[in-house]
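If you're matching them up, the sequences are chains R and H in order.
Residue numbering for the first sequence follows our numbering, starting at 51 and increasing by one per position.
Residue numbering for the second sequence follows our numbering, starting at 51 and increasing by one per position.
Don't take every hint at face value.
As the list makes no split between identical chains, a pair holds if one copy fits it or if it spans any two.
Calculated cross-link-like contacts (lysine-lysine; reagent style DSSO-like; alpha-carbon spacing at most 30 Å) [to be verified]: (1) K142 to K229; (2) K138 to K239; (3) K239 to K229; (4) K142 to K124; (5) K74 to K239; (6) K239 to K269; (7) K229 to K138; (8) K138 to K124; (9) K269 to K229; (10) K142 to K239; (11) K74 to K124; (12) K138 to K74; (13) K269 to K142.
To be clear, the hints were calculated from the coordinates, so they are not data collected in a lab.
It should be emphasised that the depicted structure is a prediction, and the values quoted were computed from it without experimental measurement.
Protein chains: 2
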Amino acid sequence: MAARSALEETELAEIHRFAVQLAKDAGQMLLAAVELRAGKTVREGHVEKESAVDLVTQTDEDVEAFIRSSIQAKYPSHAFCGEESYSKGGSKMYLIPPTGPAWCVDPLDGTVNFIHLCPFYCVSIAFTWNGEPMIGAINAPFLRQLFTACRGQGAWLNETISLPLDRSPIPPLPESAPKGCIFSCEWGKDRRDVPNGNLHRKVNSFMNMAAELGGRDGKGGHVHGVRSLGSATLDLAYCAMGSFDIWWEGGCWEWDVAAGICLLKEAGGLVTSANPPNDPSTAPVLDAHLGSRLYLALRPAGDSATETGRQTQERTVREVWRRVQQLDYNRPGVQ
Amino acid sequence: MAARSALEETELAEIHRFAVQLAKDAGQMLLAAVELRAGKTVREGHVEKESAVDLVTQTDEDVEAFIRSSIQAKYPSHAFCGEESYSKGGSKMYLIPPTGPAWCVDPLDGTVNFIHLCPFYCVSIAFTWNGEPMIGAINAPFLRQLFTACRGQGAWLNETISLPLDRSPIPPLPESAPKGCIFSCEWGKDRRDVPNGNLHRKVNSFMNMAAELGGRDGKGGHVHGVRSLGSATLDLAYCAMGSFDIWWEGGCWEWDVAAGICLLKEAGGLVTSANPPNDPSTAPVLDAHLGSRLYLALRPAGDSATETGRQTQERTVREVWRRVQQLDYNRPGVQ
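Work the whole structure out from these sequences, hints included.
Have a look at this one:
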């Protein structure tokens, strides 16, 4: 297939079925690893929670090895980018090929949650074609939530419920957005207490989104709620469900978001850059680059009496951009 | 029964079965209300998301009316305190009677989530005796998570999995806690941008917990992750599972926490005041007052080589107290 320039629909459907089965099987591996830890008895000494980190790394690697070998057996010509194999290379270059077929896989997103037996972890499998996510399969086995999507075909929860959650018509975003919205965000791993560092920029942005209208020198957004799950993949999936209205985050990687972006777009959502442009009120709302590490996602939105769904999304993007600060997560090869 | 001074074990077991069935039935009502909204078609005009607030209030009231009438039919002498009926009274007094049997019910915790079709909502039913929560039944139907507990009997997920998640032995809290912990917190409803108001005090406290060790003038706690679900009840349930290590919150009410406190204590957790005493390093770690609106919860913790589980919890309480600010959620009749 790698030699062909176009991807046929029947082929895409077959790859979709294969990806969904992979996500189911990998999800079972994650669940089994948790059950093993939860139920295990230790004859002497004590299980220090910190030591679970090693176990988790082993699970990460086992699940990625399973997914990679399954893909290589069925589609030997496809490129493969997985979190664990990527991390072993020293480069931080963006490696999804701009042409042809590739897979972008996070065997375990929400690792901290997994370590703590907290339900918000999942496997994330994306198939890309010419650099674009075409198929997404996300399985959160403890939550019993399987999210799947195929370009042009739609997005589903547990294979039967259309996203966004079967609503007809899909509600527009609130006229006063971000007021009335659920805002999802993550504290992330950069915890340096540097006055202008990412942690302070993030929390200033969270505060702007949360504070009353008129507060924060006019930047108060008075969102309906602020949520943090600790999984970028699930944040995107919950946007696709319509459960989160807005997700704003910097610092995650392509394997964290590739399947989720496919899911969200198929459900009717929008993903652009977390970092506000120089003129947030007029700059075009461009699709986020998969490797940009900076994402602002909006849930699917229906038309209102005065705007199209896309217009309500773009209006909300600009209102978020007006309230958030630039984050610094640059990498070589991606602007 | 109200006339008796002691509660017999057989009676408690019967009330437990009744409470669990109530939580199951009420959970089905919540799920049906969501499915009705998710699947409904509107012939003309548009479904404004904001208007869903009315629907939710109706669901709140319907579920509470069902629970209240069920209890009154079976236990006519028991006192009843539910969020909806309480809110209709003008008083903010604490109404759980100090003697005899009573029920403390939130028909729908996580209302904002429910409005947004976000999975983190639940019904919370507690039975108290002489002011103490004896039975808790919490049902999060979209998550398919039913949490139940009975004083002296234990705590369970979906009636079969013992909390904290069947682990044997239960791990102690990390030696360097709060480092290594999952910290759960909520942004809440008080969004006033007042320099020394609750929003700023909360976010300063969150920042202290999140920032690197040595940062924030020595208050950096470098927690492993910061989570916000938007439901106090589920925060407590997730502590009881062992998924969250620490939950710190002010502003919620007794119906938000009564069942969760019963659950967490039965699992082996601890609940004390969110507000640090004058001397956090030596003050006794007292049980939180059910009506205090200020809660700091610690997950169940096993013994380490050098400390009992209770000692690791108390040590962690003091480390949290050292990093958080006083919150102001006073009410008449409760210190």
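Hint by hint, which ones does this structure get wrong, listed from lowest number up? Failing hint: just 13.
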